[in-house]
Amino acid sequence: MPSPANSRTSPTEPEPIVPPDMIISPIILDLDENIGNTTLQESALPECPEGKIYVPRSQRRTLLGTAHESPGSGYPGSRQTLSLLQARYWWPSMHRDITRYVQGSSVCAMSNSSRQLPAGKLVPLHIPQRPWCHIGVDFVTDLPNSKGNKCIM
Numbered sequence: 001m002p003s004p005a006n007s008r009t010s011p012t013e014p015e016p017i018v019p020p021d022m023i024i025s026p027i028i029l030d031l032d033e034n035i036g037n038t039t040l041q042e043s044a045l046p047e048c049p050e051g052k053i054y055v056p057r058s059q060r061r062t063l064l065g066t067a068h069e070s071p072g073s074g075y076p077g078s079r080q081t082l083s084l085l086q087a088r089y090w091w092p093s094m095h096r097d098i099t100r101y102v103q104g105s106s107v108c109a110m111s112n113s114s115r116q117l118p119a120g121k122l123v124p125l126h127i128p129q130r131p132w133c134h135i136g137v138d139f140v141t142d143l144p145n146s147k148g149n150k151c152i153m
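The sequence shown: position 8 = 8 (the UniProt record's numbering), numbered continuously.
Incorrect hints may appear among the rest.
Computed spacing ranges between beta-carbons, pair by pair [as the list claims (entries may be wrong)]: (1) 146 - 65: 50 to 56 Å; (2) 136 - 65: 50 to 56 Å; (3) 70 - 139: 24 to 30 Å; (4) 141 - 84: 30 to 36 Å; (5) 51 - 103: 27 to 33 Å; (6) 139 - 47: 52 to 58 Å; (7) 70 - 92: 23 to 29 Å; (8) 117 - 83: 51 to 57 Å; (9) 127 - 149: 45 to 51 Å.
No lab work stands behind these hints: they were computed from the structure. This one's a predicted model, so the numbers in the text were calculated from it and none came from an experiment. Even glycine gets a Cβ: it sits at the ideal position worked out from N, Cα and C.
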């Protein structure tokens, strides 16, 4: 007779304690209600695509904050935030507003790695034995033509 410990064939995924819909749905419903109430005061633009919710100017910052900074979002970049919001919402300057909001996020600024190369190794110059034994010249090149010249020495 097989024992209960041997009767398991594979471990199963544990059921979540709180369904994911229970966490996000109330936030979305609350946002949609606030946007709907504001839309009654500010009329939606006629160029708003069918099936999208027009977001009035007064609600955009709140919506951007929720989409970008809520605990479940994980601070996505501007492309991910844009695609997340475009699925449901619309306003004329959506792309520009989202890009500016994400670039202005202090958390994103701290976590982004620097794109500047590290400084080169600094090596001191040798002390010359007599005057004029070392001469240095700097060239600035690829300038627009000025009287036939393209460089500055």
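Status of the hints after comparison with the structure:
| no. | hint | verdict |
| --- | --- | --- |
| 1 | 146 - 65: 50 to 56 Å | 51 Å, holds |
| 2 | 136 - 65: 50 to 56 Å | 54 Å, holds |
| 3 | 70 - 139: 24 to 30 Å | 54 Å, violated |
| 4 | 141 - 84: 30 to 36 Å | 46 Å, violated |
| 5 | 51 - 103: 27 to 33 Å | 29 Å, holds |
| 6 | 139 - 47: 52 to 58 Å | 54 Å, holds |
| 7 | 70 - 92: 23 to 29 Å | 24 Å, holds |
| 8 | 117 - 83: 51 to 57 Å | 32 Å, violated |
| 9 | 127 - 149: 45 to 51 Å | 36 Å, violated |
In the structure shown, a violation is registered for the earlier hints numbered 3, 4, 8, 9, in ascending order.
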